[in-house]
Amino acid sequence: MSQVQYPSVLLENAVNEFARLPGIGRKTAMRLALFVLREKQEDVQRFAAALTTLREEIHYCEQCFNLSDASVCSICANARRDHTLVCVVETVRDVMAIENTQQYNGVYHVLGGVISPMDGIGPDDLTIQPLVDKVNSGAVKEVVFALSATMEGDTTNFFIYRKIAEAPVKVTTIARGVAVGDELEYADEITLGRSLVNRQPFDQAM
Amino acid sequence: MYIKHLSLLNYKNLQEAELSFKNGINCLVGKNGAGKTNLLDALYYLSFCKSYFNAIDSQLVRHDQEFFMIQGRYHYQGQEEEIYAGLKKGQKKQFKRNKKEYQRLSEHIGLLPLVLISPGDERLITEGSDQRRKYLDGVLSQFDRWYLTAVLRYNRGLSQRNTLLKSAGRNWSSVAGQFEVWDSLLAQTGLHIFEARTRFITELEPVFQKFHRFISGGGEEVQMVYHSHHQRGALEELLRDSLERDAALGYTTRGIHRDDLELLLDGHPVRKVGSQGQKKTFFLALKLAQFEFLSKHFGYAPILLLDDMFDKLDDERAERLIELVGRPEFEQIFITHTQKERLMEIVQKTGKSYDFFVVNNGEIQPHEETL
Ligand SMILES: [Zn+2]
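Chains as they are written, first to last, in our numbering: chain C, 1 to 206; chain F, 1 to 371.
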């Protein structure tokens with residue numbers, strides 16, 4: 001499709017933008033652009049508005065870095081949840097996966113990824129320091145690591161563990177019902193729920 | 001376990017074949033370049049989902065054709081198993097067991113154990129230590145899935161550490177604090193791999209020596225010596241001590257990725273002192289040791305493919321090799337050779353049932369006289 005002559009620069013621009021999305025090739029981008037042309041004008045405006053508002057108005061929860069419509073997310077704002085129990089995850093998708101298990105009543109801390117030099121991600125690119133501060137403030141009784149069982153996930157666990165090992169906090173990791181090397185996101189809900197319930201002390205899991 | 005029937009289309013120089021095999025010795029005779037080895041490679045493909053000789057699948061399709069397919073009917077634990085491998089250029093390869101496509105190829109590998117011995121295996125002796133590590137990893141991961149996972153994890157961690165080393169020159173202060181965690185995890189994963197390799201080599205050496213003694217007729221002292229940085233102390237400390245040098249070089253100089261298996265003939269590296277025949281005997285014994293390990297693990301004999309192995313061995317060694325594979329521990333065997341009469345002489349001595357196939361310019365026919 002690289003040599004395609006577009007009848008319109010406007011169409012070409014739209015195809016280029018769609019093709020930037022993850023998992024979308026140029027063929028699919030073209031299909032999507034032509035679909036948009038067949039849509040009613042107000043539907044397209046609503047679609048475009050949803051995207052710009054998402055980008056402009058979304059907040060990251062100032063306590064856990066989860067996505068949120070307000071400065072504090074609905075999980076952190078919920079007084080019935082156990083705020084002394086903090087589950088450390090990579091992304092917002094992991095929060096959603098664990099919430100779906102309905103096995104967890106604590107709060108979260110979203111790191112924003114894992115340490116991976118090959119992807120140019122170092123500890124400073126993640127929300128590690130706010131987590132350490134939170135633990136040092138004494139408000140946390142237990143930290144549960146729920147990162148992927150990959151070399152990068154394990155390294156990140158270990159990096160954080162060394163920073164909070166001196167604090168009076170219990171550090172646990174989800175039981176490895178999740179196969180070693182598997183991404184957390186792909187674990188089924190039952191396995192994930194069980195591995196949260198059966199979490200184990202971190203230093204024994206290493 | 002053995003293969004009863006093979007059909008294939010457009011695999012390398014083989015246009016089409018429909019062949020039935022014996023659970024005994026199957027002999028392929030023909031000129032060099034006729035396609036004998038390609039047939040062995042097709043059998044290898046059905047066991048390992050890849051070619052032994054060529055890493056790029058699309059290059060396996062016969063010249064000017066669009067696809068290849070290989071289909072094998074195996075006798076497996078009292079039942080019939082049908083394995084299908086197919087590739088259309090530009091598409092994902094298909095691999096099926098009894099018409100059902102595999103989700104992951106790794107589910108198939110290990111189902112139909114097979115050992116291929118070819119003259120190219122001399123690499124094990126003559127080339128760098130990576131060839132020996134590949135051999136160890138190949139055998140170990142066939143019966144230890146956990147081992148394979150550990151190696152993959154280690155390699156990933158190693159790439160991460162090397163990337164960190166390369167970026168260290170530019171911003172040392174920001175990355176310096178990260179080495180401790182990577183070193184610790186590499187040391188931990190590496191230690192498991194080191195221990196698995198140590199156990200395996202301890203078990204392997206006497207088996208290797210047994211086969212070597214048999215083929216060479218004894219009289220030569222052979223040893224395998226495992227070298228690993230883990231033998232020098234805690235790897236975590238070695239990594240820490242070499243950090244400055246590693247950063248200057250841009251890669252990691254300590255760890256199991258530098259392991260070697262030294263092969264000694266009368267106390268000297270066979271790579272340096274061995275003759276052609278002695279080197280051949282060495283890798284033959286290594287591959288036969290692999291065969292015995294897999295047999296023991298699976299409880300049945302792998303299929304054995306001997307590619308052009310009787311060519312450069314002297315008559316005495318060739319004689320002993322054939323005496324060996326005539327034993328009941330070896331079941332289905334495929335042998336290639338350029339000279340029909342010579343191979344006929346050889347296989348008749350085994351007392352095993354045999355069939356001959358003539359390979360000529362990419363065509364394979366059962367040999368009339370032996371039917
Ligand atoms: Zn929150």
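Just to be clear, a hint being listed does not mean it is correct.
As the list claims (entries may be wrong) - Under the rule of at most 30 Å between Cα atoms (straight-line distance), these lysine-lysine pairs were calculated in the BS3-like manner:
{"id": "1", "chain 1": "F", "residue 1": "K88", "chain 2": "C", "residue 2": "K40"}
{"id": "2", "chain 1": "C", "residue 1": "K27", "chain 2": "F", "residue 2": "K93"}
{"id": "3", "chain 1": "C", "residue 1": "K163", "chain 2": "F", "residue 2": "K166"}
{"id": "4", "chain 1": "F", "residue 1": "K166", "chain 2": "C", "residue 2": "K27"}
{"id": "5", "chain 1": "F", "residue 1": "K88", "chain 2": "C", "residue 2": "K27"}
Hint data in this document are derived by calculation from the structure and do not stem from the laboratory.
Comparing the hints with the structure gives:
no.	hint	verdict
1	K88/F <-> K40/C	violated (42 Å)
2	K27/C <-> K93/F	holds (23 Å)
3	K163/C <-> K166/F	holds (25 Å)
4	K166/F <-> K27/C	violated (38 Å)
5	K88/F <-> K27/C	holds (21 Å)
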